[in-house]
Amino acid sequence: MPDANEDPPDLEDALLRRGTRTAAPSVIRSGRDSMTVELALTVFRQMLRTRALEERSIKMSKSGEAYFWIGGPGEEAFNVCLGLQVHKGRGPAYDYLHLHYRNAGILLAMGMPMIDHTRQLAMRKTDAHSWGRNFVGHYAIPDWNVVPVTSVIEVQYAMAPGTALVQKRHGLKNPNENEGISIVIGGEAGTAEGDFDSCMNWSTRPGRELPVLMLVTNNKFGISTDLDTVHTHRPIVDRAEPYGIRHEITDGNDPVAAWAAIDRAMRYCRRERKPFLLEALVSRLHGHSSSSGAQRNWNDLDPLAAFEQKLIDARAIDTPAVQALKDDAKAEADAAVVQTMTEPEPTREDVYTHTYAPSAVDSVYPLDYTGLPRAR
Amino acid sequence: MPDANEDPPDLEDALLRRGTRTAAPSVIRSGRDSMTVELALTVFRQMLRTRALEERSIKMSKSGEAYFWIGGPGEEAFNVCLGLQVHKGRGPAYDYLHLHYRNAGILLAMGMPMIDHTRQLAMRKTDAHSWGRNFVGHYAIPDWNVVPVTSVIEVQYAMAPGTALVQKRHGLKNPNENEGISIVIGGEAGTAEGDFDSCMNWSTRPGRELPVLMLVTNNKFGISTDLDTVHTHRPIVDRAEPYGIRHEITDGNDPVAAWAAIDRAMRYCRRERKPFLLEALVSRLHGHSSSSGAQRNWNDLDPLAAFEQKLIDARAIDTPAVQALKDDAKAEADAAVVQTMTEPEPTREDVYTHTYAPSAVDSVYPLDYTGLPRAR
Amino acid sequence: MASIAQAVRMALHYGETHLGVTDVFGEDVGPPLGGVFTATQGLKTAWNTPLDERGIMGTAMGIAYAGGRPVCEIQFCDYAFNVLDLFKVAGNQRWAGAGTFALPMVVMTPNGAGIRGSLYHSHSFESWASRLAGWKVVMPSNALDAYGLMLAAIKDPNPVLVLLPKALMRAKDTRLIPGEPADPEELSRMIDAPIGDRSNWEPQWPEVGDYTVNIGSAVLVREGTAGTVISYGRPLPLCAQAADELARDHGRTFDVIDLRSIFPYDWDMLSKSVLKTGRVLIVNEDTEVTNFGEHLLRRVIDEHFYDLVTRPRTLLGKHIPGIGMNQNYETNSVPQLGDVRAALWDLATEAA
Amino acid sequence: MASIAQAVRMALHYGETHLGVTDVFGEDVGPPLGGVFTATQGLKTAWNTPLDERGIMGTAMGIAYAGGRPVCEIQFCDYAFNVLDLFKVAGNQRWAGAGTFALPMVVMTPNGAGIRGSLYHSHSFESWASRLAGWKVVMPSNALDAYGLMLAAIKDPNPVLVLLPKALMRAKDTRLIPGEPADPEELSRMIDAPIGDRSNWEPQWPEVGDYTVNIGSAVLVREGTAGTVISYGRPLPLCAQAADELARDHGRTFDVIDLRSIFPYDWDMLSKSVLKTGRVLIVNEDTEVTNFGEHLLRRVIDEHFYDLVTRPRTLLGKHIPGIGMNQNYETNSVPQLGDVRAALWDLATEAA
Ligand SMILES: Cc1ncc(C[n+]2csc(CCOP(=O)(O)OP(=O)(O)O)c2C)c(N)n1
Ligand SMILES: Cc1ncc(C[n+]2csc(CCOP(=O)(O)OP(=O)(O)O)c2C)c(N)n1
Ligand SMILES: [Mg+2]
Ligand SMILES: [Mg+2]
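Chains as they are written, first to last, in the working numbering: chain A, 1 to 376; chain B, 1 to 376; chain C, 1 to 352; chain D, 1 to 352.
Check the hints yourself; a few may be wrong.
[Said to hold, decoys possible] Chain A stretches covered by chain C per the calculated footprint, using a threshold of three residues with CB under 8 Å from any CB of chain C:
1. 82-96
2. 147-159
3. 191-198
4. 212-221
5. 353-363
[What the hints assert, rightly or not] If we take Cβ atoms under 7 Å as the criterion, some of the chain D residues that face chain C in the derived model are:
6. N82
7. N92
8. T225
9. T290
10. I320
These are calculated hints, taken from the structure and not from any lab test.
Glycine included, each C-beta is placed from N, C-alpha and C at the ideal position.
Please model the entire structure based on the sequences and the hints provided.
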């Protein structure tokens, strides 16, 4: 089995691919959906960057630069299309993001520098999301309303109605700031936890519906467990029916379809101030995590390779340009890692920090936690 | 407001009611459903007994003979029809019952003596369900597969797939004992807890469907909270759709309809070895519990009065016979209470008992718990 | 002269009007009931939720993340176990997120036994709660402290759990909350919802004022020399009463400390008193295996082992699966006044 | 020479073939993976569940009620918090139900830190578990005990929680399980699933025999006079190693007790050793506030205060919201070999 960081076996072929159309198109189509070439190339570049970062990340976990890897190779199309459509900012006028551990693509597309990811992966003190405390991909970015990601499956769905409630109220008071929504995402296996229904139930209280965009990335597996063996063979989106929640399934491997589906869902949540459930069928290209080896799985469709082929076929780009983008992305990832590895690690002194926010009404810990209270 | 234990204000009228038909019927009808008069009278008598027991119970909680009351006045029709159709016995060939705190009618119909209920209510040591430890209605009857009722809302739904799994397996090995099902019941508000979906999900694993009869008694309230204010205005049974679970709503106040609906649902579970969700619309005639006063609520339809009227109208019974049945039921309840109050209460010595079953592999507690381990 | 339930209600009203509280919510917290203990009657931001503790905690977290100020209720602490994972996440999010987000949320819940509530309305939660790093946990034993601690909980930008002793919920304080009318009947007319139809009822709030009991500050409710008694919540009044009786009948006086704050706790006050008396009794009603009182005892041993003149001791609830419905179960498994008195006497009289 | 993971696997195989185990289940417990730590590979009754801890516990209870013998897994104890209410119900059902139903079920779950698992693969659960009245809780520190305790857990008709130290899951024992081949490579060839396609793989089980470690029985793993060290699970080998080093380098010897069973615990053995040495150190990796070790300390104070020659002490994990990913967090918040050695030295050398 080839190493995860090797190029795919058909690389030579890929480089030789030739488009079949003759004139450069203005839009890229997929079924009834389409996207401008300009946007398609932006999406493509962000997908490439995401992939480069993930592959470099896997390498870090194998080389000892890092320890544990988990991430989203195979979800680049969906995540990038999502990230580019987020209303990014701080506070209830903007979107809140309740993410899980496969969402690097969302944040790279939103503009996060790669080093913000590698610092966490390499457990540096400079890791702004967690000071080297949390697994990679466990982002926390107050300026973009990215609330802290936690490893506990599905709890983000229980929180999303809370941010959405504040957003809906804010919009009613501030009609110009009435489009913020709460976006929550997780895998298909996690929908077996009660929080998934809690999210739907709390988002549909009569007259108090909430703008929650519920996303499920269905890669058909929870670690080693095939969804079809533990769940009735109905789509996850059917779960929305009893709550009267609008829903759709999209091909998360196809950026054109995914973009349009996200656009429709977001528009609905933003305008109607109601929830929407979007299920995206995606690939899992390196297994669950480094714990299961993170080997490349060549059976699943690669959304990046497919989109590359589509763009080349459509003459939207040519192979040298693709290669240049890939080289850039790789170089960017390498540079991030090089810089990261020069940065300091947390020390003994950092153990207690950030346990508590400063409080004017706490006699023992007015500033932060300092260990068990001792006589002063 | 009349006292909970007074007769309803229209009692005099009721006693004077006259049927309109002239010949005694052989069946009692309701819509497309019907029931023999014989069965109807059995159901009616069990409903009366249940009501008498509940009213006596409420009185106990007010008189100081007991302390806290909770129960099912308003659910007699549904509960009695259910209890009479249970396959009663011990072990996986028979039905398992995962009940909640309003199910006296089920057990009276199954044959439980009233005193088994009043002993628990009066917190006697003779209470076989809990030795005076648990709230009334928290039954536990191994001979009838009634697993211990707990006050924690909805957890019974998480357990039902477990008993059903053993039953299904047992039936496959013992084709003559292939009709045992697991019956689980709870209120509509409780369906907001994750356990409700867990039950459906675990009962529909492909190829491993389980004979779970899920029942929801919808009285439209959780304590003081109107379902319509906290849940989308769709019926609870819609929740079954995404799991492909068969379902039905029935008028739980109408014994003829309820009997038939339970019969259909049970038949399906017994034969198909698959789950079924049945929602019964019921009344709550004395509020949530004694904590909210247990006053009679005269707004909700009384299934007992309605059935009485129906039977009288159909000439299946006459008012003196009704009165005789009522007197019998009251006398039975009174006798149970009188006997109960002569019985001993648990004492200091009973505190640790029944913490552990005897174990051959425990060096500290081979028989039962005896307090913190001390040096021997 | 308010009860704890009334004090909490007034504190939440003050929170809504002066401290930016945006949401008071939980099962049966909104109209018509206003809470199973009436603690949220008449509040303008109070609303009813689905019967779903996970949703309650998760929504509170979301509201707090988005800049709201939520106070949510778990109807009985007995049902906090359904959502302990979210308690943990709420407690660790700031540490895990390197301080990126504050989470100013308050969870309140009735705690302990004493209302004849059988197994599931009798749990104590403080020992569990004390293990939730990142949380602050307080438990008043009287109405004035309930008011002051609730305001502190609202002001504190961290998750704060307010445990309210079930058995004392209706106990009246002898003192007044700032702004509270002196006549308890007047207070009741103003803020207690009427029996029966409440659809047109509006409370008339007294102009209650700011009064904060700092988190981490205990209070010495009796002063003495024969020993140090550390307690909080429901057994605290029993400790005070037992101390009074022993002072009156036998001339033995005790430092009785109302801890008020479980975490952080006022080690300063405990330490000084232990140094003074050399004798320690820790009393609470939670079950005795891995009990928060055992933690306090360990701190006493850590720092004052050689200052102790007799064996330090604990008086705790028995390690059994629940509090039984029949009163004899509770009487024989949860410390009672007689037990406290006996323990105090032993503490004071054991030879040094 | 088996690892703990292999020992558990063989115990479950023995359980399936000799003790009536009907179901071994949990997330990723069945084929193809056989558990994230390989502890359930090749078992004939192993199956995968939905990602739903509540369903796992509830189903286990249902199976046990109906006469099955379930062994279920919570993938990491870090996710046991999602279902603590059902743990409580399972623990109290027999008491609440006056002994009407037994509930013979086993829950196993990996416990503690040491696999660089960040916050959510590093929790310790024993202090929480020790509060669950009605449960028995065991934690082996080696493969043979894992085998013997797992068989006891299966045989016991009560709910038993088996905590498996994550960090020791692959640690090989020096001793053999009855029937285990002497050559560890042979064992591996027989019962470890191959890398890659496993669809046609079948384990070849050795004829393992009955071997039970009774619940509530500790074991003295080192004998000495300078002090008593009480530990279990992951830090136990560190305690033994530190004791060996101090014996070798300084001639100080210690009683090192592997508790093995958290509840009930072997008070007899603890008590005798404390009486002998008068010096006590309790070591575990769980967080230090309301820690089970503090309970043990309280018992020592209760019964042996006047037998102690120096301050008894604890060495526990720090009270912080989690174990950080960077090793420096763990090193500075969870007891390490150096910490244990220093604590033993202090214990032995403090003036009486
Ligand atoms: C509550 C909880 N239980 C178990 C786990 C362990 N775990 C981590 S990821 C995972 C599978 C998740 O599958 P899915 O939801 O489909 O997401 P995917 O990884 O496929 O994107 C499991 C079981 C966890 N993190 N949290
Ligand atoms: C987990 C849990 N949360 C809260 C409660 C408190 N409680 C007891 S009954 C009840 C309302 C239940 O309503 P519903 O499910 O509709 O049943 P009903 O009482 O109407 O039959 C509540 C909130 C509880 N027992 N368990
Ligand atoms: Mg998945
Ligand atoms: Mg209801």
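Here's how the hints hold up against the structure:
Requiring three or more residues with a Cβ within less than 8 Å of a Cβ of chain C, the coverage given for the region 82-96 of chain A holds, as 3 such residues are present. Given as covered by chain C, the region 147-159 of chain A passes the check, having 8 residues with a CB less than 8 Å from a CB of that chain where 3 are the minimum. Given a C-beta distance limit of less than 8 Å, the hint that chain C covers the region 191-198 of chain A holds, as 3 residues qualify and 3 suffice. Closer than 8 Å: that is the beta-carbon criterion, and the region 212-221 of chain A has 0 residues meeting it against chain C, so the requirement of 3 is violated.
For the region 353-363 of chain A, the stated coverage by chain C holds: 11 residues have a C-beta nearer than 8 Å to a C-beta of that chain, and at least 3 were required. Annotation: D/N82 was flagged as interfacial toward chain C, and the flag holds, the nearest CB pair being 4 Å apart, inside 7 Å. Of the supplied interface hints, the one on D/N92 holds, with its beta-carbon coming within about 3 Å of a beta-carbon of chain C, less than 7 Å. For D/T225, the suggested interface contact is broken, since its CB lies about 21 Å from the closest CB of chain C, more than 7 Å.
Taking 7 Å as the C-beta contact cut-off toward chain C, the hint placing D/T290 at the interface holds, the least distance being around 5 Å. Restraint check, D/I320 versus chain C: the minimum CB separation of about 5 Å is within 7 Å; hint holds.
In terms of the numbered hints stated before, the structure departs from hints 4 and 8, listed from lowest to highest.
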